[in-house]
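**Q** For the record, the sequence lines run as chains A and B.
Take the first sequence: its position 209, counting from 1, is numbered 202 in my numbering, and each next residue is one higher.
Take any residue in the second sequence, count from 1 to its spot, add 39: that is its number in my numbering.
Rather than coming from a laboratory, the hints here were simulated on the basis of the structure.
Among the hints, a few may not be true.
Cross-link-like lysine-lysine pairs, in silico, DSS-like; alpha carbons within 27 Å at most [what the hints assert, rightly or not]: (1) A/Lys226 - B/Lys151; (2) A/Lys95 - A/Lys157; (3) A/Lys74 - B/Lys151; (4) A/Lys15 - B/Lys151; (5) A/Lys214 - B/Lys131; (6) A/Lys185 - A/Lys74; (7) B/Lys131 - A/Lys45; (8) A/Lys214 - B/Lys137.
Quantities reported herein were computed from a predicted structural model and do not represent experimental measurements.
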Amino acid sequence: MGNGQNILVIIPAYNEEGSVGKVVEEIHTHLPQVEVLVVSDGSTDRTSERAKVSGATVLELPFNLGIGGAMQAGYKYAYEKGYDIAIQVDADGQHDPKEIGKLLRALEEKKIDVALGSRFIGDSEYKSSVMRRIGIAIFSGVISAIVKQKITDPTSGFRAANRKAIELFASNYPQDYPEPEAVVLLHQCRLKMGEVPVGMSERYSGESSITRIRSVYYMVKVLLAIFVDCFKKPPFLRGEEERC
Amino acid sequence: MLIKVQIVVGLLSIFLLWTTFELVRKNRLREEYAILWLFSGVVVLVFSLWPEFLLSQFFARITGIFYLSAVVVITFLFLLLIVLHFSVVISKLTNQNKDLAQRYALLELEFKELSRRCFPSDRTPL
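Same shape as in the complex, but just chain B (with noise of 0.2 Å):
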């Protein structure tokens, strides 16, 4: 049973390693943002080819439950982590967004006004 439930997270985390070397070496992941998958692959990786490990005994241990649970539960509390550094990322870029937005229509409003003061006869409607 144990060993069933070993091999498919083996698999499985060796699936989401060569996925996201692969994404990084095509580029299209940033480094930045893989370094969190990569981390949560070799963790469950681990996982699997160690069962009694040091962290998953632990964990059966303070909360009671058995090996899979436990590698479903640091699975997931990765996955919560990644979710949460894509909402911060999500937030700079709004932001970002935002800034360049307004950037982006006082220089055509600057450009505009110079153009029509430099080209009074031009009357091509920007």
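Just chain A, with the same shape it has in the complex (with noise of 0.2 Å):
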């Protein structure tokens, strides 16, 4: 990392004024020669306000998109802006940025487009509720299934892609539930991924939007929109005679 290539954080965030600055502040620490992209997702409170004090630039979405909408308009950014490599954080603090260096270097390392962050391989303790275990464990295994090849956490938003990655998520990018179904789309694009271990602590502020009762109904409908997505015809790739 840091061999002369661009890397560009990208923060989707709606409504995080207690956690973004933070998160911005945080990542400048650890890794001062990244930049940092705050995609404000129509927020309504300070969010832009405390980003740009922080030091990251900020594209505020003109209305919410939802998370697959603002994550696509950093990805377009980094497209455009010519970043080699591309991280997505979350804004709400789970993700360390101290751990974004693995990322980088498995990127490196293992010559994978796209490294996923996982919370639940090597030693990584993380607590969460039974409920939520099983579902993530259902989840893993019928993507696993699908990308054959083991997938322990794909609900994961802490990635790094590099050039091609970005460039597929520029143009197509998935709007429902877009951490699971972007590991699908980069197996549809054959798209190399791998994962790495991470650690991910508690949220500095606001609540996980999978509450705990509408955590089955979330599931059946990503597990539907995954069994859609494999039906779907692939995208083109900018520059490509074939489907990607």
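Since each chain sits alone in its own frame, please combine them into the complex, following the hints.
**A** Next up, the structure:
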């Protein structure tokens, strides 16, 4: 890392004024050479101001598009500005910026296109409810079977993507349940991915978008979306004759 | 009995056709969306004028339902088709809307960057 590559950290944020500043500052402390882009997804609080004060570039969407739309806007920025590597980090502070180095190293050493941060491999202790763990186990099983590769944590939003993946995501990014669906998309487009053990901490503020009661409903919807994705036509990659 | 149903269904279809036509004429409905409505209006009108019409007979035979029910079922099928069409249109619009919002945000950022670089002394916050 740092060998002349342009690296962009993309932080999608929707009303995260309580934590976004701290996350940006931490990233700057640990990785002074990277640029930080906060995508404010139609936030109605002071998210943009906090991010600007902390030294991030802020992309302000005119209204709320959801995590997928915000993330894609970030990838479009990365693509147009010619960044070599883009890293997704959540604005709520559950992703430790110290771990970004691991993702970057994996990208380089394993020769993969996307490095997925996983809470469940290695010695990283992650506490979560039983329901949540069962849900993630089912997800992990289904997605691993589809992509023919062990994916332990498909819902993790802590990822690093190289130029090829940036290009794909800029033109094509799943909107409904972006994290697990993106894994399937990567597989369809024959991009290589690999998991990296990362530690994740408790969020600084805010609640998970998945509450316990809704988690079953959420799971069914995501599995359905993934099932549909399997039958979708893979998108064209720019500059390539065949389908990607 | 049958003639009553015929009159009601006929009036309804004429009303539907007239409304669609007026909306298109006043530019409040795009032609591409009007076609399905006009077509369903015409079909229902045909049904009310000729209850012995081939399709309604056919429908009655294969489903064992009577004339009025056949008209209702066929109208319902058309409504299903129209709703499905709208879902497709809404999906397309949502996608275009998302792309526009992203493009807008990227251009706005670019613009702010440019104006900051061109007029560094100008301290007006954008």
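**Q** Would you mind marking each hint as holding or not holding in the structure?
**A** Do the hints match the structure? See the list:
no. : hint                : verdict
1   : A/Lys226 - B/Lys151 : violated, 38 Å
2   : A/Lys95 - A/Lys157  : holds, 19 Å
3   : A/Lys74 - B/Lys151  : holds, 15 Å
4   : A/Lys15 - B/Lys151  : holds, 24 Å
5   : A/Lys214 - B/Lys131 : holds, 21 Å
6   : A/Lys185 - A/Lys74  : holds, 23 Å
7   : B/Lys131 - A/Lys45  : violated, 34 Å
8   : A/Lys214 - B/Lys137 : holds, 22 Å
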